[in-house]
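Heads up: the protein sequence lines correspond to chains A and B, in order.
Our numbering puts the first residue of the first sequence at 1, with every later residue one more than the last.
Our numbering puts the first residue of the second sequence at 1, with every later residue one more than the last.
Take the hints with a grain of salt, since some may be wrong.
Simulated restraints on C-beta separations [what the hints assert, rightly or not]:
(1) A/R325 to B/Q260: 50 to 60 Å
(2) A/G336 to B/V24: 31 to 41 Å
(3) B/G23 to A/R325: 49 to 59 Å
(4) B/P255 to A/D406: 51 to 61 Å
(5) B/D9 to A/D318: 25 to 35 Å
(6) A/H316 to B/A343: 53 to 63 Å
Some chain B residues judged to face chain A by a derived CB distance under 7 Å, without partners named [stated by the list, open to error]:
(7) F4
(8) L64
(9) T68
(10) V70
(11) Y149
(12) R325
(13) D329
(14) Y349
(15) L360
(16) E390
(17) H391
(18) W392
The set of hints was computed from the structure by calculation and includes no laboratory data.
No residue lacks a Cβ here, since even glycine has one placed at the ideal position from N, Cα and C.
What follows is each chain in one-letter form.
There are 2 protein chains.
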Amino acid sequence: MLTFERVADDGAARRGRLHCRHGVFETPMFMPVGTYGAVKGMSPAALRDVGARIILGNTFHLWLRPGTDVIARFGGLHRFIGWNGPILTDSGGYQVFSLTAMRRITEDGVRFASPINGDRLLLTPEESMRIQSVLDSDIAMVFDECTPYQTGDRLTTEREAAESMRLSLRWAHRSRSAFDAAQAAKGSRADSESSAGPETEADSGSRADATSRTNALFGIVQGGMHESLRDESLTSLTEIGFDGYAIGGLSVGEPKAEMQRIVAHCAPRLPADRPRYLMGVGTPEDIVTAIGNGIDLFDCVMPTRHARNGWLFTRHGDLKIRNARYRDDRRPIDAGCHCSTCAHFSRAYLHHLSRIGEMLGAHLATVHNLHYYLSLVEDARAAIDGRRFEHWRAAILSDRASGLPD
Amino acid sequence: MLTFERVADDGAARRGRLHCRHGVFETPMFMPVGTYGAVKGMSPAALRDVGARIILGNTFHLWLRPGTDVIARFGGLHRFIGWNGPILTDSGGYQVFSLTAMRRITEDGVRFASPINGDRLLLTPEESMRIQSVLDSDIAMVFDECTPYQTGDRLTTEREAAESMRLSLRWAHRSRSAFDAAQAAKGSRADSESSAGPETEADSGSRADATSRTNALFGIVQGGMHESLRDESLTSLTEIGFDGYAIGGLSVGEPKAEMQRIVAHCAPRLPADRPRYLMGVGTPEDIVTAIGNGIDLFDCVMPTRHARNGWLFTRHGDLKIRNARYRDDRRPIDAGCHCSTCAHFSRAYLHHLSRIGEMLGAHLATVHNLHYYLSLVEDARAAIDGRRFEHWRAAILSDRASGLPD
């Protein structure tokens with residue numbers, strides 16, 4: 001189980017420290033997304049260099065490729081991918097529900113056709129917990145239905161959102177039970193497993209912890225855009241009891257104001273002594289605002305995916321490196337940035353690499369964007385420690401809106 | 001001009017030290033290929049880490065993208081790409097002649113349609129020297145025709161090879177004149193250019209050298225598979241006088257024995273006090289054999305291109321990482337390898353990354369393959385220094401033929 005230290009508060013914003021099986025990190029924190037067991041283009045060492053302390057793995061993708069039998073051979077995802085720090089895994093639910101045309105939801109779980117080879121598969125709370133147990137992530141997520149904002153042109157009704165949320169609650173119960181059973185079984189096998197490490201030197205340091213502590217499970221608040229449903233979800237989840245609580249079902253196509261309304265409503269109602277995680281969010285502005293609401297953890301593909309498309313984040317707004325204006329621009333992306341890309345490379349070179357589709361360009365852009373996101377949460381932490389969060393937040397939003405200097 | 005120190009000999013094999021404008025390196029040496037100003041997936045720091053000391057840039061590609069106007073803004077390729085060590089550029093000839101259907105050769109040069117946008121372009125010895133002067137490579141190559149081994153099913157005749165070689169000789173004269181004129185002009189502009197560096201901190205250390213020394217130009221021996229034509233080319237080139245001499249027109253589809261025959265014939269006849277460069281070669285076996293003939297420099301896309309296709313080089317032969325047998329193999333590529341990929345990652349993880357097409361897999365494979373090639377020439381140097389080259393060569397060829405242990 002994980003320990004969450006409260007370090008400081010500033011208004012609703014919180015500074016914390018999360019002790020996981022594979023390490024300790026400060027919150028608020030952003031988690032880069034490593035879908036298939038790799039943050040695209042980034043080695044574990046490169047991730048450390050940009051300030052990453054916890055990464056996210058996608059249960060659904062890893063289940064299909066390479067498959068749990070392979071990861072079990074390594075004793076978990078950490079040793080398979082060579083990342084020794086904390087890992088959070090999602091439940092696979094979000095990905096399954098994204099396969100709208102190919103899946104059928106029942107009380108039991110979700111039946112769907114594998115997008116890799118068409119195999120008929122069934123994902124249930126129990127199967128999700130089994131997979132996450134094999135992945136051996138520091139933080140697992142309950143299997144839930146991510147209630148859609150709309151289907152086609154039609155908005156999800158309150159009744160549909162309620163049914164979806166209550167199904168997720170029943171699945172949260174089953175997830176809790178299955179997770180606890182898997183952890184108990186793993187604890188009793190721990191001694192025999194301690195010899196199952198990889199033959200590389202990857203992470204021998206974490207072995208002692210592995211036998212002495214168990215992983216954590218987070219609940220996920222659903223309920224669509226309806227405060228009363230969110231309250232019902234939140235109350236029921238806290239009755240079950242989780243190591244942390246996430247707000248799910250946002251950043252799914254709803255207007256920005258709707259998302260902010262739900263975050264502002266839910267965040268202060270989540271248990272204060274447990275970490276709070278806003279799933280799949282978002283822009284720098286979204287993150288800064290949500291920290292102000294008391295959120296501790298974030299994940300999003302935006303910095304990594306945008307990097308590969310030449311979209312770079314800076315203090316003064318965003319920069320599209322493929323724009324012809326950067327063709328012979330000798331300046332770094334951001335003269336005030338301390339990432340290794342800005343220390344060594346010009347906009348013109350990054351423009352060139354992006355235009356020719358060279359993967360080094362994607363790597364260097366990813367380094368910059370992840371460094372930007374991780375520096376943003378680092379700066380937020382310093383602002384909360386210094387009891388100047390509100391001033392900092394306003395300055396960040398103002399700088400971001402100002403646009404890049406010529 | 002470049003200085004070549006002879007350090008040791010062992011039979012025909014040579015140990016040397018090449019002093020270029022941007023640094024000194026030991027020979028025999030392998031040069032990774034950075035076609036568009038980047039060795040695919042490798043930052044300059046990563047190249048240093050695997051042991052690269054000189055890289056090759058492709059004049060033809062860089063001429064088309066980003067264009068010489070952009071690179072001129074940076075005062076040369078080094079500052080544009082952030083690589084502070086020596087760079088060798090080819091002449092663009094090989095790439096132009098590869099456009100078989102789209103180009104026309106005249107005494108003046110080669111007319112062709114740009115594969116990027118269809119523009120009608122003309123590449124001449126003078127234009128190649130102008131471009132290479134803008135790139136400001138430590139070592140430039142003369143513009144020559146790479147005589148084909150065959151056209152369709154028909155082998156190139158001795159008469160055709162002779163005409164091609166003599167055209168290359170006339171172009172070598174023109175290259176020498178144009179190169180010297182460009183260097184002289186650059187020398188007189190050096191003071192005013194010394195303020196044209198990038199605004200990053202990339203390579204301020206190299207500025208002093210830039211004004212005090214000039215670049216080098218290598219001649220290229222042609223003549224197809226005919227010793228008498230090779231002798232004529234070699235004699236005429238040495239009469240013109242170059243800083244080093246390359247053997248071109250090999251590794252163009254000829255049988256391995258033909259290549260070895262021509263290398264064995266030409267290498268000992270090249271001036272002993274100048275570096276000898278075998279262009280576009282080759283496999284580890286080719287390189288080891290050619291070092292035994294007295295070759296000092298090599299370049300080839302094989303380690304980098306093969307890496308991206310999952311083909312990995314080891315002491316005991318080659319390993320195709322996509323093979324299903326590696327799906328859950330916890331061993332590194334080669335337990336005896338000291339590269340960072342083998343230190344941290346398993347075959348199973350690399351297999352997974354290669355199967356999903358993740359660029360981190362291409363990067364990690366490139367790190368391994370370049371480390372293998374650069375360790376190979378490092379070991380060759382040690383063997384020559386220790387006067388045990390022949391024994392080492394035999395052991396390498398035997399180990400490579402033995403196959404990987406199960």
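Do the hints match the structure? See the list:
| no. | hint | verdict |
| --- | --- | --- |
| 1 | A/R325 to B/Q260: 50 to 60 Å | holds, 52 Å |
| 2 | A/G336 to B/V24: 31 to 41 Å | holds, 36 Å |
| 3 | B/G23 to A/R325: 49 to 59 Å | violated, 34 Å |
| 4 | B/P255 to A/D406: 51 to 61 Å | holds, 60 Å |
| 5 | B/D9 to A/D318: 25 to 35 Å | violated, 59 Å |
| 6 | A/H316 to B/A343: 53 to 63 Å | violated, 40 Å |
| 7 | F4 | violated, 31 Å |
| 8 | L64 | violated, 10 Å |
| 9 | T68 | violated, 11 Å |
| 10 | V70 | holds, 5 Å |
| 11 | Y149 | violated, 30 Å |
| 12 | R325 | violated, 13 Å |
| 13 | D329 | violated, 9 Å |
| 14 | Y349 | holds, 6 Å |
| 15 | L360 | holds, 5 Å |
| 16 | E390 | violated, 35 Å |
| 17 | H391 | violated, 31 Å |
| 18 | W392 | violated, 28 Å |
Checked against the numbered hints above, the structure violates hints 3, 5, 6, 7, 8, 9, 11, 12, 13, 16, 17 and 18; every other hint is satisfied.
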